[in-house]
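S.K.: Okay, here's what each chain looks like letter by letter:
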Amino acid sequence: MALLEIKDLVVGFETPAGFMRAVDGVGLSIGKGEVVGLVGESGCGKSATAFSILKLLPHPTGKILCGNIIFYRKNTATTQSGQAVDMATLEEKELCGIRGKEISMIFQEPMSALNPVMRIGDQIAEGLILHEKISKTEALKEAEKILLRVGLSGARDKLHSYPHELSGGERQRAVIAMALICKPQLVIADEPTTALDVTIQTQILELLRELQRETGISILFITHDLGLVKKFCDRTYVMYAGQIVESARTADLFASPRHPYTQALLDARPGDAHPPKTPLRSIEGRLPTFWEWEAGCRFAPRCPFAQGECKQPQILEQTPAAGVRCCRHMELERKNL
Amino acid sequence: MKAPLLDIQNLTVAYAARGSMLKDGKNFRALRNINLSLEQGKTLGVVGESGCGKSTLAKAITRLLDPVDGKIIFDGVALSQLTGAQLKPYRRQIQMVFQDPADSLNPKHTIATILSEPLEIHGIKNRPARIGELMDLVGLPQSYLQRYPHELSGGQRQRVGIARALALEPKLVICDEPVSALDLSVQSQIINLLLGLQKTLGLSFIFISHDLRLVRHLSDKIAVLYRGELVEYGPAEEVYRHPKHEYTKKLLANLI
Chain Z
1 MALLEIKDLV VGFETPAGFM RAVDGVGLSI GKGEVVGLVG ESGCGKSATA
51 FSILKLLPHP TGKILCGNII FYRKNTATTQ SGQAVDMATL EEKELCGIRG
101 KEISMIFQEP MSALNPVMRI GDQIAEGLIL HEKISKTEAL KEAEKILLRV
151 GLSGARDKLH SYPHELSGGE RQRAVIAMAL ICKPQLVIAD EPTTALDVTI
201 QTQILELLRE LQRETGISIL FITHDLGLVK KFCDRTYVMY AGQIVESART
251 ADLFASPRHP YTQALLDARP GDAHPPKTPL RSIEGRLPTF WEWEAGCRFA
301 PRCPFAQGEC KQPQILEQTP AAGVRCCRHM ELERKNL
Chain H
1 MKAPLLDIQN LTVAYAARGS MLKDGKNFRA LRNINLSLEQ GKTLGVVGES
51 GCGKSTLAKA ITRLLDPVDG KIIFDGVALS QLTGAQLKPY RRQIQMVFQD
101 PADSLNPKHT IATILSEPLE IHGIKNRPAR IGELMDLVGL PQSYLQRYPH
151 ELSGGQRQRV GIARALALEP KLVICDEPVS ALDLSVQSQI INLLLGLQKT
201 LGLSFIFISH DLRLVRHLSD KIAVLYRGEL VEYGPAEEVY RHPKHEYTKK
251 LLANLI
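Top to bottom, those sequences are chains Z and H.
Okay, so the first sequence: first residue is 1 according to this note's numbering, each after it adds one.
Okay, so the second sequence: first residue is 1 according to this note's numbering, each after it adds one.
FYI, nobody ran anything at the bench for these hints, they're computed from the structure.
Backbone N, C-alpha and C define an ideal beta-carbon position, used for all residues, glycine too.
Any given hint might turn out to be false.
[Said to hold, decoys possible] Pairs of lysine-lysine residues, derived as DSS-like cross-links and limited to a Cα-Cα distance of at most 27 Å, are as follows:
{"id": "1", "chain 1": "Z", "residue 1": "LYS277", "chain 2": "H", "residue 2": "LYS42"}
{"id": "2", "chain 1": "Z", "residue 1": "LYS101", "chain 2": "Z", "residue 2": "LYS183"}
{"id": "3", "chain 1": "Z", "residue 1": "LYS277", "chain 2": "H", "residue 2": "LYS250"}
[As the list claims (entries may be wrong)] What follows is a set of in silico ranges between Cβ atoms, one per label pair, in the way DEER data are often shown:
{"id": "4", "chain 1": "H", "residue 1": "LYS244", "chain 2": "Z", "residue 2": "PRO276", "range": "17 to 27 Å"}
{"id": "5", "chain 1": "Z", "residue 1": "PRO301", "chain 2": "H", "residue 2": "LYS108", "range": "30 to 40 Å"}
{"id": "6", "chain 1": "H", "residue 1": "HIS245", "chain 2": "Z", "residue 2": "LEU316", "range": "47 to 57 Å"}
{"id": "7", "chain 1": "H", "residue 1": "LYS2", "chain 2": "Z", "residue 2": "GLY154", "range": "51 to 61 Å"}
{"id": "8", "chain 1": "H", "residue 1": "ALA253", "chain 2": "Z", "residue 2": "GLY33", "range": "21 to 31 Å"}
{"id": "9", "chain 1": "H", "residue 1": "SER143", "chain 2": "Z", "residue 2": "MET20", "range": "19 to 29 Å"}
{"id": "10", "chain 1": "H", "residue 1": "GLN146", "chain 2": "Z", "residue 2": "PRO60", "range": "34 to 44 Å"}
Model the full assembly from the supplied sequences, consistent with the hints where possible.
M.R.: What follows is the structure, given as structure tokens:
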């Protein structure tokens, strides 16, 4: 059952050089209890998509131009379970009731996501006090419980710490606690481990996965790192130049990538079998900016398989489980390239 | 056997401690008793997590930091004993490529100016010709010479960073996380460029990275640093396939 459905989302930004589209007709869905990855390189529109869900786009330069972001709410005093709302058109007042309570966010850089002059406990309890109308003492008790749950040793003392007194890993644990304290249905994690060392990164991902299994929440995981997606996500969407170019169950995506861009990304990292000191398969050229987007396939200028037909706009061919935006994918799959 | 190009013996580097706890004249020793060597034309990979001393090592070799103990022998000369003007000829021979080309290129200078600066400092004649060669070497069109860094993409900027490092025909280039700020599809281009340059110019590299898989791909030998100490050091394949130290095993287990 779907929890969130994004349809034909178009997002743009006002820039000194003119109006720029960042997201160009993105559709994606997240089921209940599902962990969905959204991968792509810088400027592909993955973060703009994620920020649109909670309408956290920079004001006033960022705008949702069209599309729907349908979210199925949980049962509360004012809403019925499963009531569908469109986040794209929702009033600010109603949005505030959803932000942090039903959909929350984990940001990339824990140091900038935390208020440096506020104690950890107060920051975590803040959301609960805001949404649940409970006393501060009670909220702090809950904060301590959740800090214990996210594996912060000495949780009681840490409640009174300031962010700078914590290590990078501890700070990210605190940010996760903040995101989970109101028991949301969906957590959007925007590169939650990019700023961390590799050994800490694994710990944080394992923690998130464990909490996800325990509570049955859904996670939208935004990253540029295909390796993380492989380890963490049930289903994955790959973005390039504002569009979804491929979607599939993660295992299928890695076993048999269908879009040339996905294939190239997977090959760009040296694998265990790759002979050392030999050239890697590289993707020529660079990421196109909005002004360089092609009318046809946007990856075509860098694609080794591009032909005349690639000059036509490409359609995302979809089945319920997967999708691919490449007119040559059938032929290329047959040739097993 | 030929003497190694770079021989580091018992290197210890310390920072003056500012914190109150260490006020009694004690320093923070960021590197302790490091022994490493690198042959001409080979690559030494240095891995470790933040704070392990990888960048301190680069700064010590380039003498941006003075070691408190130990020797750095480059091409048969003890660099750690030289001062000021004596060092200048060696500064040419050891160059650096930095992590973020957006930060390490002067935004107010054109690419031509950026590339000609090291040539001017070392009094090299016929600069335009050399700059043209450098652009060819790193695969950038000559027309980019009049551009500014912000007009280039990340990958192109890193090519300029590499061209600048090569301007003075160094023997050793220290690359400190040269691709970690770049997008994946561009990373492999830069890696391939570095591999090609090593072959054609016979360069020696020190490749510093947190990415063990990338380090293994590029290196002949790997050094693993942990909290300022060298915990493992050996041929790249050996370290990657049969790690001995617990920390290296942990790094490998966390490879994604």
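S.K.: Look at each hint and say if it fits the structure.
M.R.: Checked hints:
1. LYS277(Z) <-> LYS42(H): holds (11 Å)
2. LYS101(Z) <-> LYS183(Z): holds (7 Å)
3. LYS277(Z) <-> LYS250(H): holds (24 Å)
4. LYS244(H) <-> PRO276(Z): 17 to 27 Å: 19 Å Cβ-Cβ, so the 17 to 27 Å window holds.
5. PRO301(Z) <-> LYS108(H): 30 to 40 Å: Given range 30 to 40 Å: holds, Cβ gap about 32 Å.
6. HIS245(H) <-> LEU316(Z): 47 to 57 Å: holds (48 Å)
7. LYS2(H) <-> GLY154(Z): 51 to 61 Å: Cβ of LYS2(H) to Cβ of GLY154(Z): about 55 Å, so the range 51 to 61 Å holds.
8. ALA253(H) <-> GLY33(Z): 21 to 31 Å: holds (28 Å)
9. SER143(H) <-> MET20(Z): 19 to 29 Å: For SER143(H) and MET20(Z) the Cβ distance comes to about 25 Å; the hint holds.
10. GLN146(H) <-> PRO60(Z): 34 to 44 Å: holds (36 Å)
Hint check: no violations occur; every hint is consistent with the structure.
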